[in-house]
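Now for the letters of each chain:
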Amino acid sequence: MKRHLMGVVAAGLTVALGVSGCGKGSSSSGGSDGKTIKFVAAIYDDNTKPYWDTLIKDFEAKNSGYKVNLEMVDWTQMDAKVKTYVQTKQVPDVLNYNAFSDFARDGLIYQASEVVSPATLSDFTPTFVQQAQYNGAQYGLPFISSARLLFYNKDLFEKAGITDPPATWDAVKTDAQKIKKTGAIGYGLPLGPEESQAEFYSWAMNNGGGWVDASGKWAINQKANVDTLDFLKDLNKSGLTQPNPESTDRKTVFNQFAQGKVGMAIGGPFTKAGFIDPVNKSLNFGVAPLPSKSGAEHNTLGVMDVLAAFKKDGGKNKEAIKKFLDFFYQKENTSKFLTTEGFLPVTKSAGDALSADPYMKQFVDALPTCKFAPTSNPAWSAVAGAVKQDLGTAAANEDPKKVLDKIQETAEKAG
Amino acid sequence: MPDLTVKERGAGTSPASRPSLPLRIGRALTPLLWLGPSLVLIAVVVLWPVIEMIRTSLQKISSTGTTLGYRGGGNYTDLFGEDDLIPVVLRTLLWVGGIVIVTMTLSLALGQLLNARFPGRRVVRWAVIVPWAASVLMTALIWRWMLDNYSGIVNRLLLDLHVIDEPVNWLAHPTQAMFWMMWVAVFVSLPFTSFVILAGLQTIPADVYEAARVDGAGPFRTYFGITLPLLRPAVLIASIINVINVFNSFPIIWAMTGGGPGNKTDTTTTYMYKLAFYDQNVGESGAMAVVNFVLILVMVLLYLRAARWREEIR
Amino acid sequence: MTRRIVLAGVGWLVALAFLVPYLQMFFTALKPERELTASPGTYLPSHWTWSNFIDVWSAAPVWTYLRVSLTVAAVATLVTLACALPAAYYTARNRFRGRGAFLLLVLVTQMFAPTALVIGIYREMVALNLTDTLMSLILVNAAFNLPFCIWILHGYFSSIPKELEEAAFLDGAGRVGALTRVTLPISMPGVVTAVVYTFIAAWNEYIVALTVTASPDRRPLTVGIPSFVTQYQAHWQYLFAASLIAIIPVVILFIFVERYLIGGLTAGSVK
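Just so you know, the sequences run in chain order E, D and A.
FYI, numbering that gives the first Met the number 0 numbers position 135 of the first sequence as 134, with every residue one higher than the one before it.
FYI, numbering that gives the first Met the number 0 numbers position 218 of the second sequence as 217, with every residue one higher than the one before it.
FYI, numbering that gives the first Met the number 0 numbers position 266 of the third sequence as 265, with every residue one higher than the one before it.
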């Protein structure tokens with residue numbers, strides 16, 4: 000008994016001693032020489048890391064002495080990670096994220112003009128520059144963009160006897176009813192905590208609703224928004240959506256869509272490569288503008304992710320950041336990222352590359368009618384957090400007005 | 000740690016014989032020598048974060064995580080103003096109480112079974128241990144997968160057995176989700192608990208049962224009259240450890256529902272985490288952490304009082 | 000006789016009930032990715048994709064995860080043991096002022112879980128310049144499992160008659176000698192229990208590792224494995240293949256020490 004046990008302990012000890020050698024070592028966290036920077040990138044899909052690995056290798060080869068330490072973080076863990084970085088003053092030099100304004104408010108990040116060359120700066124598309132501003136100055140560096148359109152299954156539409164994709168909300172409902180009769184789900188509604196703010200806004204903006212009023216004040220519980228939720232709730236309660244929108248994420252909806260079990264759902268340019276092709280490459284689907292209440296005009300949800308450059312070591316890191324960012328924003332590097340990941344351009348130079356693809360072109364064409372979430376408002380991240388948690392419950396059993404009131408309260412508290 | 004030296008001063012001396020001062024100091028320091036490493040580890044790694052946590056609960060921290068100075072009891076006022084707080088606390092009590100009671104009951108039976116003689120007992124014991132060896136997170140993930148609305152095996156089985164007519168989205172309905180998560184929590188608590196009970200059963204000498212048999216006591220009376228009272232220490236320690244573990248359980252809820260929809264399946268622990276990382280309110284989250292700790296302290300102390308812990312420790 | 004058959008029947012059913020989720024894990028790990036999304040789900044893989052168990056190693060740095068988990072769990076266990084043994088022994092053998100206070104401190108410490116303190120822990124690790132190190136994980140796991148180990152060992156030592164030790168003591172072995180030569184060998188079940196408890200707890204720790212580590216090469220299994228299912232992708236087959244790779248060695252460890260475990264827990268529950 001004793002020998003046996005000692006064997007176990009000894010084995011444990013050996014392993015421990017053998018491996019603990021690599022305790023800290025490699026990450027001397029850098030930065031002090033001003034030539035090593037840490038870049039935290041978000042994982043969009045399996046191709047993201049290989050892309051950055053190649054790009055950084057290329058960058059380091061062309062700029063000897065400079066080094067980029069890459070850290071990949073999944074979107075589901077990003078918020079928590081970012082907060083701990085800041086709280087503990089361990090910020091990366093460059094961060095790939097979906098918000099920047101509260102960093103700007105707290106004086107944590109550089110203005111855009113400090114970290115990219117004038118040539119790069121002037122290459123950004125004005126729509127996105129506007130979204131990247133805080134108090135009139137540009138802080139965020141537009142990174143990728145995306146637009147949302149209505150995906151519909153052409154085979155199911157034909158089976159249900161529908162000729163055109165719906166343009167109005169009433170048409171959405173009647174079409175969904177027709178699709179339901181064929182045994183499929185009419186509309187796939189992902190209102191789970193994953194990205195309910197995007198799904199909701201895609202509907203609300205086409206009813207004249209939104210997050211803020213004309214003066215920029217929070218107007219989350221405005222009537223147009225309540226009506227929007229009432230409509231979505233009605234779809235759910237009439238059995239026209241998949242069960243439990245409040246806990247469904249996009250991955251699930253598009254998985255079902257790809258299997259031909261959902262008639263309509265709202266998706267983005269990455270939806271085809273990311274969700275549909277892996278399941279069913281030959282799905283016969285079409286893409287149409289987002290339906291609106293009246294059917295008169297159709298807005299599109301625009302989404303922009305940004306790069307933000309953090310102040311560190313009294314500005315010593317600026318030079319290396321600038322080198323790296325200018326390198327990334329070279330036309331071929333940016334467009335390679337966009338085509339790899341299926342996103343839309345934020346720079347003029349990368350613009351035309353994507354329009355060659357007819358699928359992508361529909362999204363590129365929709366960009367001018369894009370409306371964005373108020374990401375330049377520093378309270379937005381708190382609002383988005385509250386929306387993600389609670390909004391979906393309104394489509395289930397909670398009262399839409401009450402839910403929106405609560406989110407409005409959070410928004411006002413956050414500033 | 001000045002307070003600790005104060006506590007230890009004069010330890011072990013007897014007033015009758017007064018040894019010389021150096022000897023007395025030497026004796027007083029002996030316990031420190033033996034307890035020192037533990038005290039240092041506890042002080043540095045456990046007590047320090049406790050103090051940090053309390054400090055955080057009094058600070059104003061912006062959504063990016065920047066500390067903007069002290070704000071007194073503001074975080075607590077905000078926390079107590081949350082509509083979700085009371086349901087979350089009540090749910091936590093239900094969560095802890097339900098899981099611990101079911102776990103203890105099942106474990107008493109399971110311990111009895113594992114203690115009985117039958118062919119293949121060894122293997123059964125090994126099987127029961129598996130959920131302890133597997134990480135809680137992974138066990139929670141497989142249950143989530145089994146309960147999946149579309150591809151889950153639970154729905155498939157119940158459909159095939161004609162128990163349900165159409166797939167049930169188990170984890171989307173707060174009540175059903177709570178039920179399943181509590182079941183998973185029981186499932187992962189059973190191995191440890193039933194092994195403690197089993198260990199307790201093995202300390203009961205055979206002659207006690209012999210005597211009971213001679214007295215003509217039936218199995219029912221033997222169990223409630225002899226076995227159970229003698230298992231008291233085992234039940235006590237197992238239930239305290241379960242209360243603490245279940246109260247602080249994070250991975251099960253996090254992996255299976257994330258506390259949603261809304262806050263409908265949150266316990267204080269996940270709620271605390273969401274306050275910090277969804278609502279971007281680290282200060283309020285710190286206040287929740289303090290409240291959380293007070294809750295568990297009260298629960299354990301009440302339990303210990305009821306169980307007359309002092310007698311057990313001697 | 001019938002009693003034994005009934006017991007065996009019940010026993011085997013119980014065993015099956017405990018294994019079902021892990022069998023399901025195994026079958027899911029063997030499914031091709033396309034089949035995972037089939038609804039309703041399938042019981043068994045239509046095509047047994049054993050290659051999942053090979054591909055998983057390249058799909059994510061599983062080997063690194065394993066190495067990190069093993070290092071953290073092994074070293075944390077040793078640290079815990081090194082701290083708990085003397086403390087438990089001394090409190091079991093001696094009455095001294097502060098003994099009650101110490102045992103109470105241990106009990107109160109047991110009530111803290113890293114989950115509740117994660118922000119405090121993170122801030123501390125920054126102050127100590129230990130973020131993103133294995134050392135931080137080792138310290139946290141060692142400290143938070145210390146109370147349980149002290150309890151178990153305290154109970155075990157108390158159950159060993161003093162006289163046994165006294166004999167060795169009189170033979171001139173000295174206190175430490177008596178401990179290592181007489182008491183410790185008898186206490187092996189207690190020690191094994193403490194070791195196993197700490198090792199498993201450290202092996203399974205999730206939230207601190209999630210918050211404190213950043214670099215991919217310092218991610219333990221618990222943090223690495225869930226990343227197979229992200230916002231955009233769901234590789235459940237890899238997730239469960241990696242889970243099984245993580246679970247099986249621990250189950251084997253348990254099978255080896257199961258006997259001592261019961262002995263060790265006995266002591267903890269007697270006292």
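Treat the hints as calculated values from the structure; they're not laboratory data.
Since the structure is predicted, the reported quantities are computational estimates derived from the model, not experimental observations.
C-beta: ideal position from N, C-alpha, C; glycine also.
A hint or two may mislead.
Covered stretches of chain E (chain D as the covering partner; in silico rule of three or more C-beta atoms under 8 Å from a C-beta of chain D) [as the list claims (entries may be wrong)]:
| # | region |
| --- | --- |
| 1 | 69-83 |
| 2 | 214-228 |
| 3 | 265-276 |
| 4 | 329-343 |
| 5 | 373-384 |
Now the hints, each set against the structure:
1. 69-83: holds (count 5)
2. 214-228: As far as the region 214-228 of chain E goes, the hint is violated, because 0 residues have Cβ atoms under 8 Å from chain D.
3. 265-276: Violated, because only 0 residues of the region 265-276 of chain E bring their Cβ atoms closer than 8 Å to Cβ atoms of chain D.
4. 329-343: As far as the region 329-343 of chain E goes, the hint is violated, because 0 residues have Cβ atoms under 8 Å from chain D.
5. 373-384: holds (count 5)
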